[in-house]
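Student: For the protein sequence lines, the chains are A and B, in the order given. So for the first sequence, the working numbering puts the first residue at 1; every next one is plus one. So for the second sequence, the working numbering puts the first residue at 1001; every next one is plus one.
No lab work stands behind these hints: they were computed from the structure. One should not assume that every hint holds.
[Claimed, not checked] With a cut-off of at most 30 Å between alpha-carbon atoms, the simulated DSSO-like pairs for lysine-lysine come out as follows: (1) K1132/B with K1429/B; (2) K1184/B with K1347/B; (3) K128/A with K1244/B; (4) K1132/B with K1050/B; (5) K1346/B with K144/A; (6) K144/A with K1342/B; (7) K128/A with K1429/B; (8) K59/A with K1454/B; (9) K1191/B with K1307/B; (10) K1116/B with K1244/B; (11) K1166/B with K144/A; (12) K128/A with K1191/B; (13) K144/A with K1184/B; (14) K1244/B with K1184/B; (15) K1453/B with K59/A; (16) K144/A with K1132/B; (17) K229/A with K1429/B; (18) K1166/B with K1329/B; (19) K1291/B with K1307/B; (20) K144/A with K1160/B; (21) K1346/B with K1132/B; (22) K1160/B with K1342/B; (23) K1346/B with K1184/B; (24) K144/A with K1374/B; (25) K1307/B with K1346/B; (26) K1050/B with K1346/B; (27) K1191/B with K1160/B; (28) K1050/B with K1160/B; (29) K59/A with K1429/B; (30) K1121/B with K1307/B; (31) K128/A with K1132/B; (32) K1050/B with K128/A; (33) K144/A with K1453/B; (34) K1347/B with K1132/B; (35) K1057/B with K1454/B.
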Amino acid sequence: MKTRKTEYRFLMPAIVVVAIMTQFPFLLTVIFSTLRWNLSRPDLPRTFNGFDNYLYFLKIESLQHIPEFYSILWQTVLITGVTLLLCSVVGFILALLLDHEIPGVNIARTLMLGPFFVMSTASGVIWKTTIFNTTFGWYGVIAKALGATPVDLVSYHPIGVIIVLFTWQWMPFFILVLLAGLQGIPQDLVDSMRIDGVSWLQGVFKIKLPLIMNHMRVAIMLGLVFLIKEFGLILVTTAGGPGTRSYTLPYAVYMQVFSANNVGRASALAVMTVVLTLILVNLLYRSIVKRNARYS
Amino acid sequence: MKRNAFVLVLIVSFLAIGTMAFAGGAQEASGPVTINIALANNPISQAMAKLVQSEYKAEGVVVNVSVLPENDLRQRLTTEASTGGTTYDIFYIGPYEAQTWARNGWLENLEPYFDKLSSEKAAWYDRDDLIKGMADSLALDGEAFGLPFYGESSFIMYNKELFAQKGLTMPMEPTWDQIYELAKKIHDPSKGIVGMTMRGAPGWGMSGAPFVTMVNAFGGRFYDMDWNATVDTPQQRGAWQMYKNILREAGQADILSYTYNECIALMASGNAGIYYDATSIAPPLEAADSKIKGKVGYVMAPHQALKSNTAWLWNWSMGINPKSSAAKKAAAFDFMLWATSKDYVKKTVDLDPTGSSTPPASRSSTYELPVYAKAPYASMTLKTLEGMDFTKPTLEPVPYVGLQYIAIPEFADAGTKMTEYLADYVVDKISLDEAIRKTQEVFEQVAIDGNYKK
């Protein structure tokens, strides 16, 4: 009993530091989210207004006038979901390709990882100006050379553009994790697979994929956390536009603070984003834990 | 105020991107008075940053100048002013800030300082020479809170060569209907000719600037005298449709990615017929590397239901931080007089005869200087400037001031939202009804949240 108490006391400083570093800001956000507080209006009093900030986003007055929050939520889910799907499917296929010991595979692996190391704002600017621009960009030049009229993709298909860029940026991460998984499969298992005459498809989907399922889950879970808060790429490419067609929750929070100066509403939106992310991550995490329990 | 600053530091540091410096107000008791000013990184302001070191002489005063990117500057100064910081003694701002800051008590009233001026100094400064619209935009109830350093209005620029080829003439005071018809006639996609270019990128200071003057011209307004939002009116609808029709039927292909930089590039390449934008854009079109140098015509900003005062007004100006010490304030005022004086204007012309570092649109006398008088855009710029009335922006009375914006703190956000819906509507993602309804709701919400509506 006594040793336990000592251990606890040793841990205290670390716990306090971690709690202050991680939980205090969140707690403050929760408090701010209940205030009516506009930074640009110092003449108005800061008052407690309960859940008004949340209701501002959530309240549906009639079915014709559904608040923008829901479309932003849907866009966030759509962008994150489709990107995760593309990243895991294509990432898995590419990881399979890179799992062969052929000459130059290391160069290929390094090149595939390239996009992951480019700053997201830099890659956004590059894609927007040198690729998607209808006058100077490769896309515009190629489309014109083929006799087609280039469509301004950034304005007319903003979500598609963002999904492509997110996938381009985050797929290497998936390849990295999945490749590690594939390389961790024991060689004797692969050998016995061959001896037993397993076809390539069976080998991939019935043996390799189940074996690296945990890697896949981890990649998806981390990818979800990264993607849901991805912000720079949206800012420099579509800037949420046209209209609010490519707003995501973090971008909406940013606009509430830095454009509207509305601390109360921004905090409410931030709290809702955190809650949503926590729920999703928790679901994924549980499925991993459950699976591990079953195997052990 | 201290608690205020503390709380702000906390939110900014956890929600935010970037770092922010809260310098403590280091007050020196004796010795030379140091005044600090941060300027925006545009060419004319940077020219001043250079001139200060070599030309500004005042006994016992040291002027520290730093130059920041426009957005950084705006954000930093807003934080500074709202939290009562004293990092900067002079705030380098625009009329949008000046109006609300003066009301919030974040700027020093300059009238007492003017009253104390000696008659020689007052005659040297010649306050009446400041362009009235510009000075008004920095005043609250007739009392000055800032002095204009340089500014701009808006007008139509057109490619005379393309007009001559099609046998078209541009009226001196065109209506939006005429501009639309002319733009359609010039537009020729097969030859890569764009009829008319305008800012399309959303943002209250981006597409919002030409668009709100268009709303004013069409007789629209954003609020009635009781602060009821009046976006859903036939006048506003007319402006929304006109903006879309011009850009969709005769405008650039990637409408929404065009800021003024892209517009200037397009216009200077000789591939655009008409361009509506700031008067400060004319010099680059007349620069040596422009393909249309000497071929640009200039006429008044288009009107429609409202016959005059349909251009916009912007300036960079200087105001005094009320939290600075009295000695610093006096030094700051003296410095501001120097920077906005006729002498300063003359000095810049002497040092750079092209006039590209001379502050335009602050003083009428600037346009009598030889370098300006012979520029092709000079007379139209002056005519536009003299026709501006910052306080009566619309056909029907409104409870706000401001030409291409409404001078309330919430407009930066509401105006940006409006241009986002406008962009959405221009590329057919939403209908006009939906765009108007959403914008109406935004402005109505602003009136309620901001306690404007009684």
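Student: Verify the proposed pairing of K144/A with K1453/B, using a straight-line Cα cut of 30 Å.
Tutor: violated, 54 Å
Student: Does the alpha-carbon distance linking K1132/B and K1050/B stay inside the 30 Å limit?
Tutor: holds, 28 Å
Student: Check whether the Cα positions of K128/A and K1191/B lie no farther apart than 30 Å.
Tutor: With Cα atoms ~25 Å apart, K128/A and K1191/B stay inside 30 Å; holds.
Student: Hint check: K128/A vs K1132/B, CA-CA at most 30 Å. Holds or violated?
Tutor: Violated - the C-alpha atoms of K1132/B and K128/A are around 43 Å apart, more than 30 Å.
Student: Decide if the proposed pair is consistent with the structure: K59/A and K1454/B, CA atoms, cutoff 30 Å inclusive.
Tutor: Distance ~24 Å between K59/A and K1454/B Cα, so the pair holds.
Student: Would the pair K1453/B and K59/A pass a check requiring their Cα atoms to be no farther apart than 30 Å?
Tutor: holds, 22 Å
Student: Decide if the proposed pair is consistent with the structure: K144/A and K1374/B, CA atoms, cutoff 30 Å inclusive.
Tutor: violated, 43 Å
Student: Starting from K1346/B, check that the Cα of K1184/B is at most 30 Å away, please.
Tutor: Violated. K1346/B to K1184/B sits at ~43 Å, over the 30 Å cutoff.
Student: Take the C-alpha atoms of K1184/B and K1347/B, compute the straight-line distance between them, and say whether it is at most 30 Å.
Tutor: violated, 45 Å
Student: Could you grab the alpha-carbon distance between K1050/B and K128/A and see if it respects the 30 Å cut-off?
Tutor: violated, 35 Å
Student: Check whether the Cα positions of K144/A and K1342/B lie no farther apart than 30 Å.
Tutor: Distance ~53 Å between K144/A and K1342/B Cα, so the pair is violated.
Student: When you check the alpha-carbon spacing of K1244/B and K1184/B, does it fall within 30 Å?
Tutor: holds, 13 Å
Of the numbered hints listed earlier, those contradicted by the structure are 1, 2, 5, 6, 9, 10, 16, 18, 19, 22, 23, 24, 25, 28, 30, 31, 32, 33, 35.
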